[in-house]
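Here the structure of chain A is known, so what remains is to put chain B in place on it, guided by the hints.
Each chain is listed here by its residues.
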Amino acid sequence: MNKAQRRGPAPSVPTDVLAARAAEALEQERFKEAIELFKLLTRQEPRPEWKQSLAAAYHGRARVMAAKKMFKEAAMVLENTIAADGTVRDPRLYLTCLLRDGQQPKAAAYLLRCCGSDGAVPAAERAPLEDLAAALLIAVPQLPDAPRAAPAGSPRWRDMAAASRQALAAWINGASAEEIEQHLNRISLRSAFRPIRLLLGSLIGESGDDERTRQLLETIRPGSPFYPFRQAVEAVVLRDRVLDAAGWERLTPAQQVFVAEVRGLPIAASQFLARSAEAAQGGPGALFGFLMKQSELPREEVRSACLNLLPQIPDRVAQFEKTFGPLPELDRHRIKALAAEARNDWQMAERHWNAVADAIAGGIADGPADRLAMLSQGVIYRHLAHLAHMHPEIGGGGFDDPVIFYLERCTAVDPEHIPSVLQLIERYREDSRDKDWHRLADDAIQRFPDDSQVLLRATESAVARKAYKKAAGFARRLLKINAINPGIRRQMIELQVAHARKQMRSKRPELAAKELSAAAEWERPDAPSPLLRIARGLAGLPIGPRDQAEAWLSEGVGLAGGGAAGWFQARFEAELMKVTGDDAAWLRKELARACEAPPTKEAVMRIVSALGQPEARENKRLVTGLLLSMRAWLEKAAGFDWPEAEFQALAETLTRFEAFELLREFARAGRQRDPANPIWRFHHMVARTRGKADKLSPAEADDLFEMAEMAAEREDFQVTKRIRQFLYGDDKPPSRRGRGPSAPSDAMVEAEMDAAFAAMVDQLPKSATRGLREMVAELGPDAAVAEMVEQMRESPLVPGMPEPMIRRLARAMVEKALEKARPRRGGKVDWDEFF
Amino acid sequence: MRDPFTVLGVSEDAGDAEIRRRYLALVRDFPPDRDPDRFREYRAAYDALSDERKRLETKLLHTNEAALSRLNSAALGAASSGTARPSKQAVAALLNEGIMRTVTD
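Residue numbers (the working numbering), protein chains in the order written: chain A, 1 to 835; chain B, 1 to 105.
If we strip away everything but chain A, and leave its shape as in the complex, we get:
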C-alpha cells in the first residue's frame, strides 16, 4: 500500500471496499491502519463484527507496543476495548502493562473488578489472575475502593484482602499470635489468599513442626506471586536452613533484607552484606575497592577475596601488593594467565601457564606436599593440552603436536591420571605415531591392568599389530569386567576370521576351522555374527561334513540380509579365502540365482555397508570384479528414489571401486528425478572422467567450483569436502601444524619459504650461532625452539611475522645449529645483531 492509500480513504469509497481493506490491514498486522479503517466503518454503521475487529486491532497494536516496552501507551490502547462489565480485551496483557509501568493501584482496582465478576475472565486464565490479584491487593499501600456497580463477588474479595492486610500488619507490628490468628481465620483456605494464611501461620509457629510447615509451604508453587515470600519464610523458620553464605547468596536482594530483619542481624553485618552484594553487582573493580576498605575484617580473608578478583582486574595487582605485600611468582603468573584467557590471548595464556608450572616445579623436593605440587603441574599441563586442542595459537614445544607435547608433560608429572594416559594413546594413534601408541598402550596395561578403558585401548593396539594372542587375552579380561561389550566381541571375531583366511589361503582348512571354532567363544547367542557363520561354512566345505558347512553358510547368508546381499558377502569372503573349484562355482551360481530377484534399497545398502570394511578396501580389484558380475542387478536399482544421504554412500562406494559405468547410470537416473539438485551432476562428472579431475572440461571445472562455493555458503561441508577431494585428491584437511601441503600452490609457497629460511640461516652471524648452540646445549632442541620463538616474538625486528613462520624459522635455525653443535653452557641469542 502506498502513502496516499495509508492516509485514509476518500469519503466516497464504498463500504465493502473499506471493509475489505480494513480486514486486509488487520490480517497483515498493520494494526494502526486497521484501527483507523474500522473506526470509520463503525462510525458509519456499528456492526458487531466490525466492533470486534476494531477491538482485535487495538489488541494487536497494544501487543506491538508492549513488545517495544511502551507499557503506558499499550495500556491506554487496550482501554479502548473496555466492555460493559469494565473488563478489557486480554486482561493479562493489560495488567502486565500497568504493573510494568508502575501503576500498581490501578492494576489492583482493575483486578478487584475482574475477580468479583464470574464471566469477566476466561476460565483458563482465572486462577493465575486471582493469585496475582490476591498478592497485589495485599501489596498496594491502600486497598482500592469497591468498584461502582460492583460485581457480586467483589465485596467478598475485598473482605478477604482486608483480613490479609490486617493480619500482615498485626504481625509486622508485633501483635501476639492469637491476635494474628483471629485475622487469619477470616481468610478462606480455598481462596486465592490462602498463601498469606500459610506464610503468616508458619512465621508465628502455628504448626510447631518443621516437616508439617515445609509441607504446607510447598503448596505455594514456583509460579505463584507468593513464591519469593515462601522462600524467604523458609530461610527463617526451617531449622535445617542454616543461614550460611551459600544460602544467603541464593536469596534475592529483597529476600535478603527480609531475612536480615527477621533474623535480627546487627546493623553492621547487615550493612556489610548489603554493600558487598551491591559492590559485587558493580563488577570486580567495585568489589575490590569495597573490600580493600574493610579494615575491621580478618586481613587474611580480605586478602584471599581480593586475590580471587585479580584475574578479572589485573591492573589492580600493584594496589594489591601495596596493601598485602608482593605476590608469589605462582600467583602472579596464574593471574596473568587467567586474565589472558579472558581476553582470548592464547599465546600469552600459554606462556604464563608454563611459568606457573615452572614456579610449582621450583618448589618440588620430596614429601607429601610435593605430590600435591606434581598433581598441580599435571593440572596445568592438562589444561594447556585442552587449550592447544581448542586454539591453534598454542604452540607447545615447537616440533611436536602441542596437544601431544602437553599431554606427555602431564603424564610425566602425574602418571597415575588414567584419562590423560588414554587421551595421549588416542592422540598418538590419530597422529599415526604407531610406535609411541603401542609403547604407551603396553605401558598403561602394565600399570592399570583392571581398567576397562585401558584394556580396550590395549586390545586395539594389539589388534593393530596383529598380535592376536595378546589381543585375545586383553579382550577376555575386558569381558570379565563388561560381559556384553559388543564392540570388543566383534573386533575379536573379525581378528580371528582374518587369521582363518590366511590358513585357508595356505590350503589348511582344518586349521582355519579350528580357529573359527575358537572364534565362536566371542559370539553372544543373542547377537550371532554373519561373518563368522559364513567363514565357518566356507572353511567347512572342503573338510565336511558338507551338510553342516552349508547350514552355517545359509545361516550366515540369512544374517547378512539373505538374497543377493547375503550371497554377495559369502562370495566376497570366498574370494578372500581363495575358495576354488566346485565350491566357488556353487557360490557363483547361488549369487546369480539370488540376483534373479529384483533388487531392494535395503539389499543394495547392505552391500555398500559390507564394502566399507577394511578387507574390501584392501582388495579393490576383487571387489570391482564382483560388482561387475552383479552389474545388471545393480542397474535395476538406479531408478529408485534414493535419498541424498544414501545415494552419497552408494556413489562413494562405486567411485572407490571404480564402478564408473554403474555410477553414471545412478547419477543419470538421479538427474532425471531431481534436476535441480547439483549432487547428481557432480557424480555424473566423476563417472564421466572416471574419477580423474584432469579430464574435466573447463566448463565442468567452473561448474564444480561454483557448486563447491554454493555448498560452502549453505554450510554443507560434506559436499564441499567431496568436491575438493575430487579436484585435489586430498582426503584430509591440511594439518594445522602445516604437515603436508594441501594443494600445489601451497607446496610452492612452502618450498619458497624453506629456501628463504635456508638463506637467512646461512647468513647467521657467528655470535648468534654461538649463542644458539649454547642454548640448544642447555635446553635441548625442543625447548630451544620454544625459547627462540618467545624471544623472536618479543623482538621489534620481526613485526607482524605470523606465528607458524616464526616457529619454522626458529626450527630451521636450531637445525642449523645442531649441524655444528658443540655443547657449551650459555645465555641468550643476540637477535638484534642477526636481524
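To be clear, the hints were calculated from the coordinates, so they are not data collected in a lab.
Just so you know, even glycine gets a beta-carbon here, dropped at the ideal spot from N, CA and C.
Among the hints, erroneous ones may be present.
[Stated by the list, open to error] Only part of the chain A face toward chain B is listed, based on derived beta-carbon distances under 8 Å:
1) G223
2) T252
3) Q255
4) S276
5) Y728
[What the hints assert, rightly or not] Computed footprint of chain A on chain B; a stretch qualifies when at least three of its residues, placed anywhere within it, have a C-beta under 8 Å from a C-beta of chain A:
6) 2-16
7) 50-58
8) 91-103
[Stated by the list, open to error] A short list of chain A residues far from chain B (calculated; beta carbon distances all over 12 Å):
9) A175
10) R214
11) R250
12) Q453
13) S554
14) T600
15) F705
Relative to chain A, chain B alone:
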C-alpha cells in the same frame, strides 16, 4: 557455576571423605524431587570437588568466591535464631518481587 566450596559449605582444605559426607547430607535434606535446581547445584559442586585433582583444578584454573563467601559467613554468624518483625517495606518488596516475576516470566 557458583563457587563449589561455598555451595557445599566446606573449607578449601577439606578432604574426599568430608566433601562426600557433606554432599550426601545436603542431598538428604534437599532431594532432587523436592528442589531439582538446588540438587543440580550440589551435584555440580560435588563433581568439581570430588577428588584431589579436581579440587586443584578448581583452585588453579578458576577464580572462586570462597573467600568472599567466608567474609559473608562471618557477617551472618551474628544472626539470632529468634524471629523479629520486619519492616512493612521489606514485606512489600517481597510481594512486589513475586508480582513482577509472574508478569515478566
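task: Of all the hints given earlier, name the ones this structure violates by number, lowest first.
output: 5, 9, 10, 11
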